[in-house]
Structures are given as C-alpha cells and as structure tokens.
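**Student:** Sequence:
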Amino acid sequence: MDRQTSPDIDLHVDSMHLTAYNLANVDEAEGQLPSTLSVSGTSIGGGKLKGDMKLNILKEIPNFYLDMQLQDVDMISLNSFIKEYATIDLERGKFSVFAEIKLINGQIDGYIKPFVKDLKVLDWKKDVKKGGFFQAAKEAVVGLVAKVVENPKKETVATTVEIHGNLKIRKLVHGRPF
28 MDRQTSPDID LHVDSMHLTA YNLANVDEAE GQLPSTLSVS GTSIGGGKLK GDMKLNILKE
88 IPNFYLDMQL QDVDMISLNS FIKEYATIDL ERGKFSVFAE IKLINGQIDG YIKPFVKDLK
148 VLDWKKDVKK GGFFQAAKEA VVGLVAKVVE NPKKETVATT VEIHGNLKIR KLVHGRPF
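If you read the sequence shown in this note's numbering, its first letter stands for residue 28, the second for the next number, and so on.
Just so you know, these hints were derived from the structure itself, not from any lab. Quantities reported herein were computed from a predicted structural model and do not represent experimental measurements. Where a beta carbon is used, it is the ideal one built from N, C-alpha and C, also for glycine. A few of these clues could be false.
Stated by the list, open to error - Here are the simulated BS3-like cross-link-like pairs (lysine-lysine), alpha carbons at most 30 angstroms apart as the crow flies: (1) Lys195 - Lys129; (2) Lys77 - Lys140; (3) Lys129 - Lys140; (4) Lys121 - Lys140; (5) Lys81 - Lys121; (6) Lys75 - Lys110; (7) Lys110 - Lys121; (8) Lys75 - Lys147; (9) Lys121 - Lys75; (10) Lys86 - Lys140; (11) Lys81 - Lys195; (12) Lys129 - Lys144; (13) Lys77 - Lys129; (14) Lys144 - Lys121; (15) Lys195 - Lys86; (16) Lys147 - Lys110; (17) Lys140 - Lys75; (18) Lys140 - Lys110.
Said to hold, decoys possible - Distance windows between CB atoms, simulated: (19) Asn132 - His44: 29 to 35 angstroms; (20) Leu50 - Ser107: 34 to 40 angstroms; (21) Lys140 - Ile103: 18 to 24 angstroms; (22) Asp41 - Gln134: 31 to 37 angstroms; (23) Lys86 - Glu118: 43 to 49 angstroms; (24) Ile131 - Lys110: 36 to 42 angstroms; (25) Glu111 - His44: 28 to 34 angstroms; (26) Phe108 - Tyr138: 22 to 28 angstroms; (27) Ile128 - Phe108: 22 to 28 angstroms; (28) Asp101 - Ser67: 17 to 23 angstroms; (29) Ser67 - Ile36: 22 to 28 angstroms; (30) His191 - Lys75: 25 to 31 angstroms.
With the hints as constraints, model all of the structure from the sequences given.
**Tutor:** See the structure below:
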C-alpha cells in the first residue's frame, strides 16, 4: 500500500476469508456456472461482508452470478473518504449495500441497492465552529434532502441502481472502443 498518496483514505476489509472451488478443472458438462467463489470479512467501520459467486471462467467473456452484501458499516469510519469527495462530515449513520449481478453470454443484468440508516449529517454548533456558516448550511441541506427521501417507518435512505447492458456490443466512446 502506498502511504504517500493524497488524499490518505483507508477503506479495507479485515479477516477476509476467500474460498474458490472448481476453477482449474472445469468441465463444460458440469453446467453453465460450474465454479464457485465465496468471500466474507469485516470492513472498516465493522461492516459485515458476504459474497457468493457462481462462474464459468473458460468463456471469452466469463459468465457469472454474483450475490453480495456489505451490512452495517459505521459511517463515521468513512468520514475521511466522504469529506474528500462530498466535503461534509457525518455525525452518525449505518451504511449497507446489496448487489445481485449476472453476466451470461455477454448480457449483464442486476442491481446495486445502497441503504443508509439513522443518518445524521449536521451538528450545527460544532459544524459552524469547525467549518463556518456556509459549511454548516451545506450540511443542513444534505441532511434535509436525506430526510425528504427517508422511509419514515424505518428511518432509512435507499435507492436501487439497475444494471443492464451487453458487453459484446462495442461502441465508440470518445474515439475508443467501449
């Protein structure tokens, strides 16, 4: 790890356990997705990572099905990352993300669902003292937007990002194949 980079952001997974089966001795007769891969661990902020993948690495574009979740990351542990890219700091909250993605014969489909629970962005006195009025006002707006889109029964902010496409169709994007 290069500690000389800027900004110094630490996102990591501890106690990672990775298991892979049937990667080298794959027989096409064993099914469309004959190999398996499983991962688990604990992320920064105490989040629990769990992922399972079935795959066929013998294809030119490997087929796979991924089911992954990272649950209950203490968002305060992400403050250095969030401050760098969103220029706000968080007072509390839990972050989780769930994903299911499949790639079969070049066609990719799936979703990613990030959730934020019990989010608190603003501590007015602290934020005015630390970052000034405009920084505190910015954090108040972020907190207000989160409150507007929050599920009031569960106090969660969530969305779903759909993923669809075909990796075999290549288009020119700014003069390069994509």
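**Student:** Take the hints in turn and mark each one as holding or not.
**Tutor:** Outcome of the hint check:
1. Lys195 - Lys129: 15 angstroms, holds
2. Lys77 - Lys140: Cα-Cα ~15 angstroms, so holds.
3. Lys129 - Lys140: At roughly 15 angstroms apart (the allowed maximum being 30 angstroms), Lys140 and Lys129 satisfy the hint.
4. Lys121 - Lys140: 14 angstroms, holds
5. Lys81 - Lys121: Roughly 29 angstroms separates the two Cα atoms, so the pair holds.
6. Lys75 - Lys110: Holds. Lys75 to Lys110 sits at ~23 angstroms (cutoff 30 angstroms).
7. Lys110 - Lys121: 16 angstroms, holds
8. Lys75 - Lys147: 21 angstroms, holds
9. Lys121 - Lys75: Judged against 30 angstroms, a Cα distance of about 12 angstroms means the pair holds.
10. Lys86 - Lys140: 28 angstroms, holds
11. Lys81 - Lys195: Holds - the C-alpha atoms of Lys195 and Lys81 are around 21 angstroms apart, at most 30 angstroms.
12. Lys129 - Lys144: 27 angstroms, holds
13. Lys77 - Lys129: 17 angstroms, holds
14. Lys144 - Lys121: 5 angstroms, holds
15. Lys195 - Lys86: Answer holds: Lys195 to Lys86 is near 13 angstroms, not above 30 angstroms.
16. Lys147 - Lys110: 14 angstroms, holds
17. Lys140 - Lys75: 16 angstroms, holds
18. Lys140 - Lys110: Satisfied, since the Cα-Cα distance of roughly 22 angstroms is no more than 30 angstroms.
19. Asn132 - His44: 29 to 35 angstroms: Since the Cβ atoms of Asn132 and His44 sit about 31 angstroms apart, the hinted range of 29 to 35 angstroms holds.
20. Leu50 - Ser107: 34 to 40 angstroms: 36 angstroms, holds
21. Lys140 - Ile103: 18 to 24 angstroms: 22 angstroms, holds
22. Asp41 - Gln134: 31 to 37 angstroms: Check passed, 35 angstroms falls within 31 to 37 angstroms.
23. Lys86 - Glu118: 43 to 49 angstroms: 47 angstroms, holds
24. Ile131 - Lys110: 36 to 42 angstroms: Holds, since Ile131 and Lys110 (Cβ atoms, about 40 angstroms apart) stay within the stated range.
25. Glu111 - His44: 28 to 34 angstroms: Holds - the Cβ-Cβ distance for Glu111 and His44, about 30 angstroms, lies within 28 to 34 angstroms.
26. Phe108 - Tyr138: 22 to 28 angstroms: At roughly 23 angstroms between Cβ atoms, Tyr138 and Phe108 fall inside 22 to 28 angstroms, so the hint holds.
27. Ile128 - Phe108: 22 to 28 angstroms: Between Ile128 and Phe108, where Cβ atoms are some 23 angstroms apart, the hint holds.
28. Asp101 - Ser67: 17 to 23 angstroms: For Ser67 against Asp101, whose Cβ atoms are near 18 angstroms apart, the range 17 to 23 angstroms holds.
29. Ser67 - Ile36: 22 to 28 angstroms: At 23 angstroms between Cβs, range holds.
30. His191 - Lys75: 25 to 31 angstroms: 28 angstroms, holds
When held up to the earlier numbered hints, the structure conflicts with none and fits them all.
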